Amino acid sequence: MRKVYHRIIQIAGNVITVEAENVGYNELAEVKSSRGVSLAQVIRLQDNKVFLQVFAGSRGISTGDEVRFLQQPMKVSASENLLGRIFTGAGVPRDGRAPLQDDMIDIGGPSVNPAKRIIPKKMIRTGIPMIDVFNTLVESQKIPVFSIAGEPYNKLLARIAMQAEVDVIILGGMGLKYDDYLFFKNTLDEQGALSRSVMFIHTASDPVVECLLVPDMALAVAESFALKKKRVLVLLTDMTNFADAMKEIAITMEQIPSNRGYPGDLYSQLASRYEKAVDFDEAGSITILATTTMPGDDVTHPIPDNTGYITEGQFYLRGGRIEPFGSLSRLKQQVNGHTRSDHRAIMDTMIRLFADYRETLEKQSMGFQMSTWDSKLLKYGALFESRMMDLSVNIPLEEALDLGWKTLAECFDKTETGIKSDLVEQFWPIK
Amino acid sequence: MLECGKGRVVGVNGNMLTVEFDTKVTQNEVAYAVAGDVRLKSEVIRVRGNRADLQVFESTASLKVGDPVEFTGDLLSVDLGPGLLTKVYDGLQNPLNELAEQTGFFLKRGVYLPALDTAAKWDFTPIAKIGDKLKAGDKIGSVPEGIFKHYIMLPFSFHGEWEIVSVNQPGAYAVNDVIATVKSTSGEMKNLTMVQKWPVKIPIKCYKEKILPEKTLITQQRIIDTLFPVAVGGTFCTPGPFGAGKTVLQHALSKFAEADIVIIAACGERAGEVVEILREFPHLEDPKTGKSLMERSIIICNTSSMPVAAREASVYTAVTLAEYYRQMGLNCLLLADSTSRWAQALREMSGRLEEIPGEEAFPAYLESLIAGFYERAGLVKLFDGASGSITIGGSVSPAGGNFEEPVTQATLKVVGAFLGLSRERSDARRFPAIHPLDSWSHYKSVVSDDKLRKARQTLKRGTEVNQMMKVIGEEGTNIDDFQIYLKSEFLDYVYLQQNTFDRVDGATSEERQRYVFDKVLKVIDTKFSFEDKDKARRFFLELRQNFTEWNYMEFQGEKFKKQEAAIEAKIKERSTNA
Chain A
0 MRKVYHRIIQ IAGNVITVEA ENVGYNELAE VKSSRGVSLA QVIRLQDNKV FLQVFAGSRG
60 ISTGDEVRFL QQPMKVSASE NLLGRIFTGA GVPRDGRAPL QDDMIDIGGP SVNPAKRIIP
120 KKMIRTGIPM IDVFNTLVES QKIPVFSIAG EPYNKLLARI AMQAEVDVII LGGMGLKYDD
180 YLFFKNTLDE QGALSRSVMF IHTASDPVVE CLLVPDMALA VAESFALKKK RVLVLLTDMT
240 NFADAMKEIA ITMEQIPSNR GYPGDLYSQL ASRYEKAVDF DEAGSITILA TTTMPGDDVT
300 HPIPDNTGYI TEGQFYLRGG RIEPFGSLSR LKQQVNGHTR SDHRAIMDTM IRLFADYRET
360 LEKQSMGFQM STWDSKLLKY GALFESRMMD LSVNIPLEEA LDLGWKTLAE CFDKTETGIK
420 SDLVEQFWPI K
Chain B
0 MLECGKGRVV GVNGNMLTVE FDTKVTQNEV AYAVAGDVRL KSEVIRVRGN RADLQVFEST
60 ASLKVGDPVE FTGDLLSVDL GPGLLTKVYD GLQNPLNELA EQTGFFLKRG VYLPALDTAA
120 KWDFTPIAKI GDKLKAGDKI GSVPEGIFKH YIMLPFSFHG EWEIVSVNQP GAYAVNDVIA
180 TVKSTSGEMK NLTMVQKWPV KIPIKCYKEK ILPEKTLITQ QRIIDTLFPV AVGGTFCTPG
240 PFGAGKTVLQ HALSKFAEAD IVIIAACGER AGEVVEILRE FPHLEDPKTG KSLMERSIII
300 CNTSSMPVAA REASVYTAVT LAEYYRQMGL NCLLLADSTS RWAQALREMS GRLEEIPGEE
360 AFPAYLESLI AGFYERAGLV KLFDGASGSI TIGGSVSPAG GNFEEPVTQA TLKVVGAFLG
420 LSRERSDARR FPAIHPLDSW SHYKSVVSDD KLRKARQTLK RGTEVNQMMK VIGEEGTNID
480 DFQIYLKSEF LDYVYLQQNT FDRVDGATSE ERQRYVFDKV LKVIDTKFSF EDKDKARRFF
540 LELRQNFTEW NYMEFQGEKF KKQEAAIEAK IKERSTNA
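Going line by line, the protein sequences match chains A and B.
Counting from 1, position 204 in the first sequence corresponds to residue 203 in numbering that gives the first Met the number 0; the numbering is continuous, with no gaps.
Counting from 1, position 545 in the second sequence corresponds to residue 544 in numbering that gives the first Met the number 0; the numbering is continuous, with no gaps.
Keep in mind that the hints were calculated from the coordinates and are not lab data.
From a predicted model like this one, the values you see are computed outputs, not experimental measurements.
All C-beta atoms in this analysis are idealised placements derived from N, C-alpha and C, irrespective of residue type, glycine included.
Possibly wrong hints are sitting among the right ones.
[Said to hold, decoys possible] Ranges of calculated distance between the beta carbons of each label pair, as one might list FRET restraints: (1) A:Lys227 / B:Gly505: 35 to 43 Å; (2) B:Asn96 / A:Ile429: 53 to 61 Å; (3) B:Arg513 / A:Lys227: 55 to 63 Å; (4) B:Gly472 / A:Arg320: 26 to 34 Å.
[Claimed, not checked] In the DSS-like style, the derived pairs of lysine-lysine whose C-alpha atoms are separated by at most 30 Å in a straight line are: (5) B:Lys518 / A:Lys120; (6) B:Lys107 / A:Lys121; (7) B:Lys86 / A:Lys419; (8) B:Lys534 / A:Lys378; (9) B:Lys453 / A:Lys375; (10) A:Lys405 / A:Lys419.
Bound conformation, chain B alone:
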């Protein structure tokens, strides 16, 4: 790198600095403002004449006009290499557990630690041979990382073809040991370690092409997989007012979704919720591998009281880590909770920059930033023919629970599925509180389209009857309509609602979903006869009870089969079908 610029502080306003510089600065480069003996990390976000505006990722207290600023010339980057999994980072990739060891209870400002453990040794096995010509993203070797084969690739930032001059023998190396030397076509030599850097705000594009996501991502949540499915490599959002269960839903997804890697970006939300993940995940078993859930997870945690600018960076940090693992041919699920807090961080900064505000004072470029973020999801075909994917699910916290606000609207434009959580359903304790009529998805369900249509129809008709009954009373409703209403309530209760906290009911496999859904449809298709409405209600209550208990039983177990027989008998009781 060239020699780096210096500057001096000429203004402080909240977490924004105005800096006068004498050489040159790059937009989005990292700089350090020096306040006494601490160096505060910051990022250039605007340049005007010989002055630059910097957002500081820390508290700016005690900074003075005239304090020196050191520019680095590097964009805000993360370290990519073995050892990322199981880590808990802040928005700037500082490992929080290691920080706690050094600084105790509080996050001391100006303390930055290496993201990867520099002492740990990894068993390196070379793949590339001397004389091989590699492009960015091509594999040099691999190391085992937990349950995965972690590929060491030619850094994504390398242009053109590079020839392997030397590569290490199999053996144990630390991340910063040189493992290979490469030479460019112009003769430039470079030593490679197992770590590479990548600027977080730029997507990694070392793949052949993006392909259309078609496969359903099994989340084991019935209402999602069946009614509003998400695709592997797709995007979805879960907006909802406070208390509607956004975070509980995200936690359920992070536990049960069938992805290789799960990255959780806790962005500007409660610390308590992250603590639950931090303390629980190591003890939870990943049903797929039998190992701890932590082994497939990375947690980026920039909670609401941590510095705002780092909150903005945290979603980019998370998606960059996801892209890195995608390059190894893995399927990553990125859960961001909540993107509204990220948008608010943008708004705060925009306000300090005195930009002309858009709707609700959000910056005018909010939409393109949100679109840019979700577009980093996708299913890609890599150069070696393998495929990898990133699925992004963002929760949105709309002000007042009103979906008409800018963040929700901008998000809806770019996602493939909308899982809208409703206050009405959460008040009625119907969880997950995804609204069955307002939500939508463009992706393929685990059940066939005509079955799905039937279920949707029932829910819609049931709601209509219910509304009618509120006006004319139960006594004015005819028994056939009443039956439709009861059937839609039945479908809602036994299929759409799910108890996340139960071991069995909390996760329903794809196979089981199809099986149970068919049974539910059978009830909906059956025409029952009842003498009066009370009898009808009682019948459905009992049937519902049978089904709910069924949901809590191990699939195809002894009890499950017995209960199924009981359900069949119950259906026969009142059935008028031949």
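The following block holds chain A by itself, in its conformation from the complex:
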């Protein structure tokens, strides 16, 4: 029935061009070459020319190879059977089990109507004081971890995923090192979370086009679970690889680059993925936790910069710790007023004093005199770093708040903290 085309008239980068008729934009095709069969997607139509992005890459494709159009866009199964499964970016099983064909849905679906969203109000507990106390993670938040290569961002992501009380975990891996992939798989397995997880993994050695599909696949599945009233956590690591893959395709397509070679629509492309984070009115939610490695530790680089404008805050991971400055959860105000009455006071006071500590450190390094106040701050700073910032600390929010009071009491007088007197009465530890 379906027509097979034999004339590939152009091969450039991962994009091939064939002359064909009656082909829909964004439709899928199969390209059969000596290397096997690969999927490809229509990315441009021009008269009778059809431009296709070949998922497996164009290497080894000859001008005489067969192209068969499938007359449907990219789809992914959204059935319950997905749980516990691992796929590639193109949706092919990676775990050696049978492919899924039931309940297929389109990927990259339309935007949620803002009128159907609600203001998020549920806290996600992570057991990490730097998050729970200072920059609370909120259900339906989209937040990236900004860090540089070499930082333990994947460990952090895995840890949050393990501790968060969510129904489904979806991992989208882009350009993952094979070791990291195994790390995620083993961690999920050991903690018994594999049965409520779905993984879409593109490793560093896989074709670059598949990298582009990962977020859409992961988020389409997330959306379908959220509509079934599930609370879904999506982990995307590393979005920098996704953006770089986009750059590669854009350059091949001879698009005019805007900033450091990235396409002009980088913002819109990233936003359409991150904006899938949602708290549905009368259904479930999607929380997106991503990593963005900053090339050259430069936050003004187009990828972290555009990301920062899209996401609801960011966690800075530096030197194996979450930095209190620069890190921000834009949604924390929605929840930290309802946890414990001292939460906001402890958050503000401890950060303010820690900022003073940093200033004192600077003064110290320049050789200025240290006052008694300065030495109090130095003591406090060291305690703060070991009790709050160290990532090995794993305590619930309430314990972390108590530890905060303890730390303050060990270093300062009641009045020096500037906390309102009724809270001091209630929480100041009795020695």
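The hints should help you fit chain B onto chain A, whose structure is shown.
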């Protein structure tokens, strides 16, 4: 209208279509591309030979070469009539709440609904009488819309003089009912309803003249009204890096600014932020009228994941609605968050058109478009002698927080006030993070110029001393300089910084600003004596505490007066003035 052209798709590239047509097309006319059973709204943006390039306001997935395209002959327009207030629209004036009822959680493509409620009845009172000769923009009648008198005007697109042939008796009518019939000088008859259409990209110019904006627009934000004021009918921009508080500032302005109508264009930003407005505004009280804030607001919401081309249209939709209410003699405030996203939408399209790029690949015409947009603001005198205004405030999101980029620079050329938000101040949690030294304004402040000069001087000197201290240490600074530094910090803390989330501190009236500012100046003018720097610091810390608490007290209330006395006593403690 003439019979409309047809065409067929010959190319698809992202949200751009190339269409071959056989009759004629108009630049910027609306067309529909038909993909199966959905009709996708699009706009002609370039014509070459018998081919036109169209930007599609929806996803182009599944469109094929050969699919039919229907041209409409109309430019991209909005419906103007009673019922616009309280509405939430997308960039093309689709009502989002009504869409949600029809299509559920997601925005289904190709679904367009009427912008105005066609069933609602409005109490019409005629103003014009049979035989009256009217020009475009003249009043035919009025209907009450919430707290406003909404005038039904002769459509702005009508040329020349039109005579009223008939006009309806007072009564309840729906927006599409005929309420009057008019006749042109050449004898052409037209039926009028309460709705008229206007193309969004063309300014409405039915007024006598533009006048110089001189009156300060009270925003109740101290740093703005006092240091960097905005005028009624003026323009301003708030550029800032992410996390500097642009949106929080815009929300504060939308709540507290003393305008009649507030139009919020959430253009390419986070959906979550709009949701906060959508869910909060109906429950917030407008201090001026005591009604819900929603009754004076229109929200145009084209968030970052919604189609890019509609994002470009959204700022024009917003400003056209503002112009409509301005024609009724109202003062409108338009807040666009963020104009950078709008510029990026232009850039995306320019890239697809393969135009020669300007700086950072923005199109070369970016500057003139930005200028054209801000120039739609202004204070105007209408034909009937009344005046109306549009104040435009645009936030800008410069890449990397660097103000040297094209959008910020193009905007700075055309605005009357620049409220630059700084990362440094937001990191130090000094909100609103408007930089007190870099920002500027051409408009009139709520306090007198010489008072303002004094405050500016103090801030400048204080910063200089602070920088010096970083090099030579506190011990190397003399006590007089140190006092100046403390005074500038004091001014910053108690006056420039403001807690938006507090009911009292979040909004400071004009009268209170003058009152408190005088008190702050008194501290700055007073010469204090201190034995050492620690004592000086402690004194100012205490004074600051007194002032901050004062800011949280109801103006001229019992507590307020008591606190004022305490402050006076505190100042006396160390004052060396006679």
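Evaluation of the provided hints:
no., hint, in the structure
1, A:Lys227 / B:Gly505: 35 to 43 Å, "holds, 41 Å"
2, B:Asn96 / A:Ile429: 53 to 61 Å, "holds, 55 Å"
3, B:Arg513 / A:Lys227: 55 to 63 Å, "holds, 58 Å"
4, B:Gly472 / A:Arg320: 26 to 34 Å, "holds, 30 Å"
5, B:Lys518 / A:Lys120, "violated, 41 Å"
6, B:Lys107 / A:Lys121, "holds, 29 Å"
7, B:Lys86 / A:Lys419, "violated, 43 Å"
8, B:Lys534 / A:Lys378, "holds, 24 Å"
9, B:Lys453 / A:Lys375, "violated, 38 Å"
10, A:Lys405 / A:Lys419, "holds, 17 Å"
This entry does not satisfy hints 5, 7 and 9, going by the numbered hints stated previously.
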